Each structure stands twice: as structure tokens, then as C-alpha cells.
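A.B. asks: Please put together the full structure from these sequences, using the hints given.
Protein chains: 2
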Amino acid sequence: MYSTMQDGELSIAQLLRYGSQVHGTSEVATWTGQGCRRRSYAEVGRRAAQLAHALRGLGVTSDQRVATFMWNNNEHLEAYLAIPAMGAVLHTLNIRLSAEQLTFIADHAEDHVIIVDSTLAPLLSKYLPQMSTVRHVIVNGGEAGDIEVPEGIEAHSYERLLADQPTEYSWPAVDERAAAAMCYTSGTTGDPKGVVYSHRSIWLHSMQVCMSDSMALSQADSTLAIVPQFHAMSWGLPYAAFMVGASLIMPDRFLQPDAIAEILAAERPTFAGAVPTIWQGLLLHLESNPQDISHLREVVVGGSAAPPSLMHAFEENYGVPVLHAWGMTETSPLGSVARSPAGTTGEQAWAYRYTQGRFPASVRARLVGDSGAELPWDGRSVGELEVTGPWIAAKYYGVDDDEKFHDGWLRTGDVGHITPDGYLTLTDRAKDVIKSGGEWISSVELENHVMAHESVAEAAVIGVPDEKWDERPLVAVSFKDQQHATPEQLREFLSGKVARWQLPENWAVIDEVPKTSVGKADKKRLRTAFAAGELDVSRTE
Amino acid sequence: MYSTMQDGELSIAQLLRYGSQVHGTSEVATWTGQGCRRRSYAEVGRRAAQLAHALRGLGVTSDQRVATFMWNNNEHLEAYLAIPAMGAVLHTLNIRLSAEQLTFIADHAEDHVIIVDSTLAPLLSKYLPQMSTVRHVIVNGGEAGDIEVPEGIEAHSYERLLADQPTEYSWPAVDERAAAAMCYTSGTTGDPKGVVYSHRSIWLHSMQVCMSDSMALSQADSTLAIVPQFHAMSWGLPYAAFMVGASLIMPDRFLQPDAIAEILAAERPTFAGAVPTIWQGLLLHLESNPQDISHLREVVVGGSAAPPSLMHAFEENYGVPVLHAWGMTETSPLGSVARSPAGTTGEQAWAYRYTQGRFPASVRARLVGDSGAELPWDGRSVGELEVTGPWIAAKYYGVDDDEKFHDGWLRTGDVGHITPDGYLTLTDRAKDVIKSGGEWISSVELENHVMAHESVAEAAVIGVPDEKWDERPLVAVSFKDQQHATPEQLREFLSGKVARWQLPENWAVIDEVPKTSVGKADKKRLRTAFAAGELDVSRTE
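Taken in sequence, the protein lines are chains U and X.
Just so you know, the first sequence maps onto residues 1 to 541 in the UniProt record's numbering.
Just so you know, the second sequence maps onto residues 1 to 541 in the UniProt record's numbering.
Because the hints were derived from the structure by calculation, they are not lab data.
If you're wondering where the values come from, they're calculated on a predicted model, not measured in any experiment.
Worth double-checking, as some hints may not be accurate.
DEER-style ranges, computed between Cβ atoms [as the list claims (entries may be wrong)]:
#1 Pro420(U) - Asn448(X): 57 to 63 Å
#2 Tyr2(X) - Gln291(U): 45 to 51 Å
#3 His312(X) - Ala259(U): 45 to 51 Å
#4 Thr133(U) - Thr61(X): 49 to 55 Å
#5 His312(X) - Pro420(U): 44 to 50 Å
#6 Pro376(X) - Thr61(U): 28 to 34 Å
All C-beta atoms in this analysis are idealised placements derived from N, C-alpha and C, irrespective of residue type, glycine included.
C.D. replies: Printed below as a string of C-alpha cells:
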């Protein structure tokens, strides 16, 4: 017996139509270095139609890929909406990848057009000669002449291309499972892998972002989307904002702490999302440049584990609650969100909020042990997290990866435990776990404790070979300006916080923790540096 | 190009699995007249498994229909979850319908089993002899002997049936578009029509209910679901609550103002949903029996238009915001919700909140004029509201109704206008349904019954304002030559043909029913005559 209900239209075209009509007065504002340039969602709707006409004029048909090489800004939002709505596929290129990775990705996705910010044109122009499928480059915020293009590629100005195009477009009907957008993830090994989001997965994920127990995005919000649009779709914030009419504030290329502080002061957003590094930087800046940021009803932090010290500093010094969340490119990315259960307060509530949080109903999770057996949710048993759900990848684009996907589950590569009431604590990346004498040591836990020390700016912990124990932790630590602590002092600081046998004895002072293209600690580089004898390691006892 | 995303499992089985595990300590509480009896969601999960085993034991296979004839209570929640999760179809019977309507509905849906509250057993037993497909009746809160059943129907006790059943069930995989639940709506003309909700539509609707700009249901809520579970699925509150772990408070049969006040005092819910009549009754009660109800963060009112006076009284006298919403059985029912736009205050905000509100992104709406042309959203042009979306009916069960559905749009039968920013105001009903205490009375049905009386020539029924019930029917009747019947006689004639509460108390004898140019009863003229005091109305009791 089938239902009598409609399928409805879970599509980016409906999102665009809806947001630009019902929430036509909401707006997207892009920071220019001094104030914002703004467009209403009604204008975004008209310009998205113009962009679609322009792209069709450049030969974009059916599900061709149109890439972006852009910061977070007004035009990137227009691309987010117009490209999938016209039935083509938005491909967000991570500007921070290497030439090799970027040319591989553009070729693999068969990008036909790239829209590029004029400020990034010099960077892109270096890669263009190696990109074999690109035929058009559209310069946002500049002229066609602002980018050097090789033979066979035509350059255009974004604004000139849009000018005089009709402001309405007859958006085609699309299958909800059709590709809408894609994003490559640079895994630990081998070539980057493409995750292809569907209209359906984006729609459902956007609803989740606006649910009260997730990010609770609403029409009343103005949302500072710091997390790049080329990084897991800016955590879905642009689409979610259009779904409910929340206004968007885009930082463009201004991601330094002083710029973020300026944007906060000028625009007074109610919500913001960024990785811990950004928030750490802002906190440091605010220490010497105090400013009221209590207009933020909440900030969400994800991408890597939020150090408790960061969460306390925001809440206790500035009155801004920090919402800890977990996800990855393969999970759209909203995987879990750490709100404490109703009725908990004080230390008990904090203990819940330090975790990676609870899964929403759409995300099914399980823990799998070394033997492949499913582990209980007892708050102790540690295994690899596997997830499944309507915004979780089933595979990578054009590549088989049986290591990562099996029986309909995604192997996250994250290791941790889950409480009986569904709170996930990640103790490590599967590859970063330190195996000492048959026991596991969580590098994340050590990092959190070290970073709670007042002198420490950043810390990253890796496992290094040890004759007796197989592996032992090495702490790479950087200090705040003018501050320092000895390894002995740090070890003393840790004692009592972790088991005695987990206390690290290898320490290296570094200038800063190397970062990956998406801003996470690059432990691979640290391990390479250690192996090459490039770290100055001191041992405590 | 297809996406690489999973479909995920949008199913009641996943809802049940999730809510009973991740939110196992949340609870459903049912009012007993003195305090509540409670079950944790973990227990609900185990009992739902037991119920599924029990139903399978009674021969329920595949998509057979299992009906409920129940108040809102713990076991009704178990039925909500177990029946669709096992792949069968939950059919909520509206206990307030007439014998004729109920037997028609049970036969039309081919109900195999009915679960009945012991307090409703005497009522149901009167209808059972006419229900031709029912084979089993399960008495909740009583023994098998508590209901009189005709030959061919077996009676059971709910608790005895569940006892000793396994507390786990291997829930089958279902197509997300498969039938999960059905609810009949007594439309304006003819027989009641069935709306069949899918697993998908219920899932998406539940997400919407929990979105910040809708009802914002969250894990921190305890939700008093006053709107009956047999009335548009209690507005989706039970499913939404299980999706996020909000606790549920069920009033069972205790719907009188003093009982509701007692439940509020004892359980201090944070959220509640009911039709205006219930809230009006509560306000009257509170006037003479003051009580703090500020534990309610918000109450939602729908089913018929909320009088502004009601909204002001709640907010100004008790500090409880009233959220006005519009929907219907065919829309699952969440259609629109009246939150004022960010930045509005005072009278301006109130003006928005009086409306039927804004549509969410999943519900597409249009206004259609008499000519069939689409009308602009200018806040003035009045037309019939049509909607489409993933929780909107595409048709009725087993009946073609081209009047109601066309081109993928549902004709709502409601008439109104929409502002440029998407706020709907309903001004009238296209048809002449009478809304009494949140339930619909079909004027045509009453007319048909009255006109079946031997003395009656013609009859036309209109709704007239009523302080307590919003509207009550007025029967304008003309008699055959030389014949007559008193209002009391006519009312007596109707009794048994329609539900008791539908029996009209307002009567006017007229010479003939005024007609439109195409020969239909001109109810507009009748209403005008009534309003002008030109009808000689007598009241029966």
C-alpha cells in the first residue's frame, strides 16, 4: 500500500525560489575590509537567474560541472544557488590545496567553467595550464583581463556576463537524487576523493541545521559563515540560511583575528561557525583588544575537537556559548552536536558539552572494534565510529574505496566511545591513536590538557616509535607571545589529569602547529619532521 | 550525474530505534485524573516491539491496517510507533464521528484490528456489528470482557497480549513512500476521504516541527499534546517528540478546562498544542482559578483561526506566547506558522502574528482566482490557497477527486491573501464547512439528513458564530405544502445519523432556500439575512 502523499520538490531550485520570495528582504553581506557590500535575497534570486542564463550562454548544459575558486562572498552564494538550480553541478575548489591536488581534482570532476575571485586570480592562473577540461574562467570583482589564461580558455568578467541577462529563469525539474554539488576531501593517502551531494541530501541537511537541537538557525539570525564555502559547503550554513531566511555575513578573504573582530563589531551577528584555530585566534586578539561579542547567541565549533579551555573562555569571559559539533566532508557535514541534556547544570552539563555530542535521528551510528564486532554504547568501549544516513556518503565519485564504505556504512576513521544516552566522545583519529604497550593513548585528550596551560598557544601530539612500548606520545607545543613553560612544568601540569602511564616524556617546542589545507593540525608533517630529525626533542622523566 | 549520497532510512522504525535508544530516558506521561502514569522512551521501545509481536500473532502482515479508537495516551503512542515500524498501517479513528461515518471508514480502510481504550469500549461496541473487516479488538486499560463483540470478532486485553512477548523486534526495511498511517477527513461533500501518510512524509514533517521557526520542539521540551491523536496525527507532535527526545504529556480523556489546568500544574509542560476552543475554555477557567502557567515557553493554536483576544490574553495575562498555525489533515498538518519577522515589535509584530503565518520552504503555495489564474502576493488579492510539498496529499485513498487535486497541487478550500513577504491571511472558506470546536461539521451532510425528513422541502445549513465553539450550524428549512415539523422533531430525526455534537441547535423556517444563478443554495444571502437579524431563529437543546 502506497501513501497518497506527494514527493514534494527537495531541490535547490525550490530553495532559491523560496528564499528569494518569502525571505526577499533578508540579506547577504560581504566584508570588504571596511564595511560590507549587501544584497537582499530577492536580488540574489534575480542574480542567480542571470548567472544561470550566463552559464547557459557559455555552453553549460545538463549536469556539467561549474567550479568555484572563491572566498565566502555574495557571488559565491549566487553560484551555490544558480548552478545546482539550473541542473548543473557546483564544484567548490579548495584554494589551499597544492597545484598537483587542484589540477587532479579539476580534471577528475571535468570542470567546464571556474568562477574565481579576482583576488585569487593570480593563484588560479598558475594552475590553469594543467587543467584539461576547463573552457571558461569568470572573474568575480574584476575584469576578464585580470586573469592570465592559456590558449583554449576564455576569460570573462562576472558582472559583465550577468548584465542584461533576464532576471528570471525557468528552473528545470530535477531528480532529488541528482548531483547538486561536489567537494573533494584530501584524505591521508592517495588522491583527493570527491563527495557528491544530492539535492535531497542538501535539503534534508539544511532542515537539520535549523532544528532546535542542532544549530537552531532561524529567520531571526544573522549568521557569520567563517568556515569556507570550499570546506564541506561552509557546514551547510548558506543553504540553511536561505531555507529559513537567516541573513548571511561573509568574511571574504578577511580571516585574521583583527578582521573577524571588526566584522563582529560592525555586523553584530547572532551566530557564527568556524574551526577551533579561528576561535583561538579571536580569543587571543580579544585578550588585548576587549570588545563586546555577546550579540552572538551561540558559536559552533567543529572541524577538529574544541579544547574545553576554548569553550570556557568564550562562555565565561564573553557570555557566548560554544556549541561543539562533529562532522566531515563525507557527512555533509553535520554528524553530531553537543547540547547537554535537559536538566543538567554545572560540571555535569559541561561534561556533556565537551563531547562531540549526540547524533540527530537521521544519522545512525555504531562503534566497531578491532575484530569487526559492534561495541556497546557503555561510555567505555572504544572503537571506530561508523555512520549511515540521508546526508552521509555511500561512496566516492568514480572511485571504489572498500576500506571506507562497507554494508552501507561510512567508516569515519574516527575512534571513540558513546554513552548509553548517545553522546559521542572521539579520542582520536584511527591513524593518530598512540598504541603504547597494548593500550591506547588519546592524542586529542593530551592536546586538550596541554592547551589548558596558560602559557600554551597550541599543541599537537603524535605517536613516536619506542623500543619498549612500541609507541609513546610526543607533544609539539607552541607558546603565547613572551611566555614559556618547561617540559617538566608541563608534565607536572598534566599529572593527575591523565593516567600516570599516559604522561608524555617527549616534548618539542615549535613556532606553530603545521596545518592542513582545511586548517587542521597536520600530524603527517609533524611525523615526517620527527622522522627526519627536524624536531628538537627534549625528554622528561 | 547522480550523487554519491545514501538515501538514508526515513522510516518510523528508525524513529523508534533512535528515540528509544538515544533518548531512552525521555518519557511519555498519561494523565489518570490524579497524577500521571509514565513510561520512559526506552520502555516505549520495548513495548512497541511487544505490540508488534502481538499484532503479528493476530495475523497482521505486510501493510494491513490496524486502527486505534483511543484518547491520547501511552499506549496510543506505542501504537503510533509499532504499527508503521512493523510495516503495517496505523489508522486513527476519530471517535467523534457518527456510526455511519465510522463504519464507512473502517470498511473503506479494511481495518483488521482495532485497539480501543476501555473507556471507549462501550461506544465502539455499538459500531462493531457494522464493521465488516475487523477481526480483533484489543482493549487498552481493561480486559477482553470489557467490550461486547459480535460473532467473528475476537476481543483481547492489551496488557495480556503484550506480556511475555519479546522486547525486541526485527523491524523490516520499508520503502520510504510506503503507507505508514492514515486519517480520514470528513470533507464538505460525500463520504469521508482517507489521507495516507508515508514514512517519508512523517519523517520530513517531524523535522519541520522541530525547526526553530516552526514549533522549535527540542530535547529540552515536555510537550502537552492536547490535540487528539485521531485528529491530523496530533499535529505530528508524538512523532516529532520521539525524533528529538522531547517528553510527552498525554491528557487521555481529561480535556475539560479544570483537568487541563490540573495537568499544567502537575507536569509544568514547556509546550502545548490545541484548538482555540480548548484554550478559550482554559482562559475562562483561569480567570476564576488563577494559576501560574509561565512554564509554557509557547503554545500553538490551530484547527481554526485564533482570535486575537485569545492570543493577547495568554501573552499579557500569563506571559505565554501563542503561536498561530494553519494546516489540515491533507497537509500533515503543518502548513504555515505565524512568527513575526526579526526586528518587528509591538503592533507591527502582532499584525504578523494574527495571520496564518509563513510557509516553510518545503510547502509551496499559490493563490488561485475564480478564473483559474494565479494571483500576486500583494496582501490584497484574494483567491483559493493551493499548496504542494513533501507532506501534502496528492490524492485521497482509493477515490479520485479532481476538484481537490490538480496539476500536483492541493486545493485547500481556504480562501485568503498573502503578503509579499509570504504571510497568509485566510478570510473565508471556499466551501461552507462549519468549524465547531476545532472539528468540522459538513453542512452538506446535515442538509442531506434534514432533507430526508418526509415533511422537509429544502434545507440549507450555514455556520453561525458561537462563543464557545467558534461556530455552530444553523439549519434553514422549508416545508412541503401543508406539512410541518418542529425543530425538536427534526433534531430527534437527526440523532443517530450524525455525531451528537454535530446536532444543530439553531433553526429557522423559511419559505424557500435562496438560490444562485446556477441554482445552488445561496448561502451568502442566508448569512447576510442572519447577520441582519432577518431570520426567525429558534433554538433547541
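A.B. asks: If a hint holds in the structure, say so; if it does not, say that too.
C.D. replies: Hints versus structure:
1. Pro420(U) - Asn448(X): 57 to 63 Å: Given about 58 Å between the Cβ atoms, the range holds.
2. Tyr2(X) - Gln291(U): 45 to 51 Å: 48 Å, holds
3. His312(X) - Ala259(U): 45 to 51 Å: This hint holds: roughly 46 Å between Cβ atoms.
4. Thr133(U) - Thr61(X): 49 to 55 Å: Check passed, 54 Å falls within 49 to 55 Å.
5. His312(X) - Pro420(U): 44 to 50 Å: 46 Å Cβ-Cβ, so the 44 to 50 Å window holds.
6. Pro376(X) - Thr61(U): 28 to 34 Å: 33 Å, holds
Going through the hint list in order, the structure satisfies each hint without exception.
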